[in-house]
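Which chain is which? The protein sequence lines are A and C, in order.
Heads up: the first sequence at position 42 corresponds to 42 in the numbering used here, and the numbers run straight through without jumps.
Heads up: the second sequence at position 85 corresponds to 85 in the numbering used here, and the numbers run straight through without jumps.
Any given hint could turn out to be false.
[To be verified] Here are the simulated DSS-like pairs of lysine-lysine, each with C-alpha atoms no more than 30 Å apart in a straight line: (1) K41(A) / K52(A); (2) K143(C) / K52(A); (3) K42(A) / K143(C); (4) K187(A) / K57(C); (5) K52(A) / K57(C); (6) K46(A) / K187(A); (7) K227(A) / K249(A); (8) K52(A) / K87(A); (9) K3(C) / K41(A); (10) K143(C) / K46(A); (11) K57(C) / K85(A).
[Said to hold, decoys possible] Label-pair restraints from in silico Cβ distances: (12) E252(A) / E78(C): 52 to 62 Å; (13) P160(A) / I94(C): 25 to 35 Å; (14) L125(C) / R277(A): 16 to 26 Å; (15) D14(C) / P171(A): 45 to 55 Å; (16) I60(A) / R9(C): 22 to 32 Å; (17) S20(A) / T123(C): 47 to 57 Å; (18) T154(C) / G154(A): 35 to 45 Å; (19) E78(C) / A264(A): 42 to 52 Å; (20) H121(C) / Q236(A): 39 to 49 Å; (21) E78(C) / K85(A): 31 to 41 Å; (22) T143(A) / N85(C): 30 to 40 Å; (23) G102(C) / T288(A): 47 to 57 Å; (24) N85(C) / V157(A): 50 to 60 Å.
Since the hints were derived computationally from the structure, they do not count as laboratory data.
In this text the structure is predicted, and so the values were computed from the model without any measurement.
Glycine is no exception: its CB is placed at the ideal position from the N, C-alpha and C atoms.
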Amino acid sequence: MRFEFVQPSALQEAMQFLASHQDEAAILAGGTDILVQVKQKKRLPKYLVNIKGVSGLDGITYNGQGLRLGALTTIRTIETSPIIKEKYPVLAEAAATIGSVQVRNRGTLGGNLCNASPAADMAAPLIALGATARILGPQGERTVSMEEFFAGPGKTVLGPGEVLAEVAVPPPSPRSAGAYIKLGPRKAMDIAVVGVAAVVTLESQGDRCRDVRIALGSVAPIPLRAKKAETVLRGQVVSYDLAVTAGHKAMEEASPITDIRGSAEYRRDMVGVLTRRAVLRALEAART
Amino acid sequence: MVKQVVQLRINGEDYEVAVEPYRTLLDCIRDDIGLTGTKKGCDLGDCGACTVLVEGKSVNSCLMLAVEAQGKDVTTIEGLAQNGNLHPLQEAFIQYGAVQCGYCTPGMILSAKALLDENPHPTELEVRQAIAGNLCRCTGYVKIVEAIMAVAGTG
Ligand SMILES: Cc1cc2nc3c(=O)[nH]c(=O)nc-3n(C[C@H](O)[C@H](O)[C@H](O)COP(=O)(O)OP(=O)(O)OC[C@H]3O[C@@H](n4cnc5c(N)ncnc54)[C@H](O)[C@@H]3O)c2cc1C
Ligand code: FES
Ligand code: FES
Numbered sequence: 001m002r003f004e005f006v007q008p009s010a011l012q013e014a015m016q017f018l019a020s021h022q023d024e025a026a027i028l029a030g031g032t033d034i035l036v037q038v039k040q041k042k043r044l045p046k047y048l049v050n051i052k053g054v055s056g057l058d059g060i061t062y063n064g065q066g067l068r069l070g071a072l073t074t075i076r077t078i079e080t081s082p083i084i085k086e087k088y089p090v091l092a093e094a095a096a097t098i099g100s101v102q103v104r105n106r107g108t109l110g111g112n113l114c115n116a117s118p119a120a121d122m123a124a125p126l127i128a129l130g131a132t133a134r135i136l137g138p139q140g141e142r143t144v145s146m147e148e149f150f151a152g153p154g155k156t157v158l159g160p161g162e163v164l165a166e167v168a169v170p171p172p173s174p175r176s177a178g179a180y181i182k183l184g185p186r187k188a189m190d191i192a193v194v195g196v197a198a199v200v201t202l203e204s205q206g207d208r209c210r211d212v213r214i215a216l217g218s219v220a221p222i223p224l225r226a227k228k229a230e231t232v233l234r235g236q237v238v239s240y241d242l243a244v245t246a247g248h249k250a251m252e253e254a255s256p257i258t259d260i261r262g263s264a265e266y267r268r269d270m271v272g273v274l275t276r277r278a279v280l281r282a283l284e285a286a287r288t
Numbered sequence: 001m002v003k004q005v006v007q008l009r010i011n012g013e014d015y016e017v018a019v020e021p022y023r024t025l026l027d028c029i030r031d032d033i034g035l036t037g038t039k040k041g042c043d044l045g046d047c048g049a050c051t052v053l054v055e056g057k058s059v060n061s062c063l064m065l066a067v068e069a070q071g072k073d074v075t076t077i078e079g080l081a082q083n084g085n086l087h088p089l090q091e092a093f094i095q096y097g098a099v100q101c102g103y104c105t106p107g108m109i110l111s112a113k114a115l116l117d118e119n120p121h122p123t124e125l126e127v128r129q130a131i132a133g134n135l136c137r138c139t140g141y142v143k144i145v146e147a148i149m150a151v152a153g154t155g
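Isolated chain A (complex conformation) (with noise of 0.2 Å):
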């Protein structure tokens, strides 16, 4: 492992390096990603930009606008969070599934995202809640919606100097609520082999659908939203077997791959068993 370390203590100084530096300079936030990759040498920055001392790129605020997390929140202050385990539960469930204790006090959400794995468990749930992105770079500011922000297995729509900001989410809607269900061979620190994420939001009264997000992680080339999945279940009093429909839409959707962690026969099976089950999960919660 050999680079450069630099040390920006401003954004502008930042971007300005990463911006000048293209291909021999890459960020590095809590290193549990990129560290790895550097070590196996699967990329071999001249620079490491380290943007822990730039301001504002830091902590969660809620309010009526929704919440707002900043790049460098840790994957166990997300964990741990009150507010979080209050507002939007499944963000908290799913950080909670993020390799180990020492993992996620070091990984941070911004990594996580932009470190654009497809089985990243940040993304499903934040594409299945409608949050967006506020990216930073040398051109000014821009806002990209989470299911947007994937360009490819480690690959973002960030450009030339471009940071991730902060992610916002929306105030959560009353009688809603999600679910992640994450398949691994092991109940910790193993990547997901499928990753299910569902937002379920019921009308004012009863128990018709109003509104549903779907996204899965591990099944595609980008963490994706299962859009054709959604239109089954949205304005419809959501059966067991409406929810199997679901399941069998999702399986279309996804074009999972064959790897060490499972096929992608089985990917797909299990693709629609868990949108089943992530989206009878958070229709229960939504009802109470």
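Following the hints, complete the assembly by docking chain C with the ligands onto the known chain A.
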């Protein structure tokens, strides 16, 4: 490569070392400072043998750069005994036979300490979650969990 001077506070003592920017905190603690209680297993964040506490929080020291620990308070296994008396977790690990080859033990005890400092009376599930990032190839974990629960008074 130009070395950088880093000030660290390890187990309450101040150290100043010159390190390359790519030196991990783990290699710095073991080879520059000479505290070899912290172990290197995988060097990739998977095994937990390198676990230390930074500002009270457990981290994999193989996935942290020494330069990132500038000015930080670090606790290693050497910092647990006080005035020649072992820490209650160390005593319990011995008493319950939770140590065999011992390679995982420093990291395991520091993960347990981080847990008990935050949550003094954990359930068995909470103990198991807290040590999920610490692999032990010898004991089968049962005695480790028992030892931690005994210290917590929940065993
Ligand atoms: C043992 C182990 C187990 C793991 N288990 C899981 C798991 O179960 N689930 C899971 O999803 N992940 C897992 N991970 C991966 C990793 O821990 C997470 O993805 C973590 O959230 C990464 O955050 P980081 O801050 O450490 O990222 P870093 O390694 O610092 O950065 C990751 C990438 O994002 C870029 N980046 C970081 N922040 C920004 C920003 N603000 N703007 C632009 N680019 C940025 C970096 O340049 C780099 O390319 C595991 C890792 C290890 C070592
Ligand atoms: S040596 Fe750091 S986790 Fe294995
Ligand atoms: S005692 Fe040998 S690895 Fe745990």
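Taking the hints in turn, this is what the structure says about them:
With a C-alpha separation of about 23 Å, the suggested pairing of K41(A) with K52(A) holds against the 30 Å cut-off. For the proposed pair K143(C) and K52(A), the alpha carbon gap of about 39 Å is over 30 Å, so the pair is violated. Restraint check for K42(A) and K143(C): not satisfied, since their Cα atoms lie roughly 39 Å apart, outside the 30 Å limit. Annotation: proposed proximity of K187(A) to K57(C) holds, straight-line Cα distance about 22 Å (limit 30 Å).
A threshold of 30 Å between alpha carbons decides the hint, and for K52(A) with K57(C) the separation of about 17 Å falls inside it, so the pair holds. For the hint pairing K46(A) with K187(A), the CA-to-CA distance comes to about 36 Å; that exceeds 30 Å, so the pair is violated. A C-alpha spacing of about 9 Å is found between K227(A) and K249(A), which places the hinted pair at or below 30 Å, so the restraint holds. Restraint check for K52(A) and K87(A): satisfied, since their Cα atoms lie roughly 27 Å apart, inside the 30 Å limit.
This hinted pair checks out: K3(C) and K41(A) have alpha carbons roughly 22 Å apart, not beyond 30 Å. At most 30 Å may separate the alpha-carbon atoms for a hinted pair to count; K143(C) and K46(A) exceed this at roughly 46 Å. Distance restraint check for K57(C) and K85(A): the Cα-Cα separation of roughly 21 Å lies within the 30 Å cut-off, and the hinted pair is therefore satisfied. A hinted range of 52 to 62 Å holds for the C-beta pair E252(A) and E78(C), which are about 57 Å apart.
One distance hint, 25 to 35 Å for the beta-carbon pair P160(A) and I94(C), is violated here, with the actual separation near 56 Å. The hinted range of 16 to 26 Å is satisfied by L125(C) and R277(A), whose Cβ atoms lie roughly 21 Å apart. For the pair D14(C) and P171(A), the beta carbons lie near 47 Å from each other, so the given range of 45 to 55 Å is met. Distance hint for I60(A) and R9(C): a CB-CB separation of about 28 Å, consistent with the stated range 22 to 32 Å.
Here the CB-CB span from S20(A) to T123(C) is close to 52 Å, well matched to the stated 47 to 57 Å. Restraint check, T154(C) to G154(A): a C-beta distance of roughly 43 Å satisfies the suggested window 35 to 45 Å. Separated by about 49 Å at the C-beta atoms, E78(C) and A264(A) satisfy the suggested range of 42 to 52 Å. Checking the proposed 39 to 49 Å range against H121(C) and Q236(A) shows it holds: the Cβ atoms sit about 46 Å from each other.
Taking the beta carbon of each, E78(C) and K85(A) are about 36 Å apart, inside 31 to 41 Å as hinted. The hint said 30 to 40 Å for the Cβ distance between T143(A) and N85(C), and at roughly 57 Å that hint is violated. For the pair G102(C) and T288(A), the supplied restraint of 47 to 57 Å holds, since their beta-carbon distance comes to about 49 Å. Between N85(C) and V157(A) the beta carbon distance is about 57 Å. The supplied range of 50 to 60 Å therefore holds.
Of the numbered hints listed earlier, those contradicted by the structure are 2, 3, 6, 10, 13, 22.
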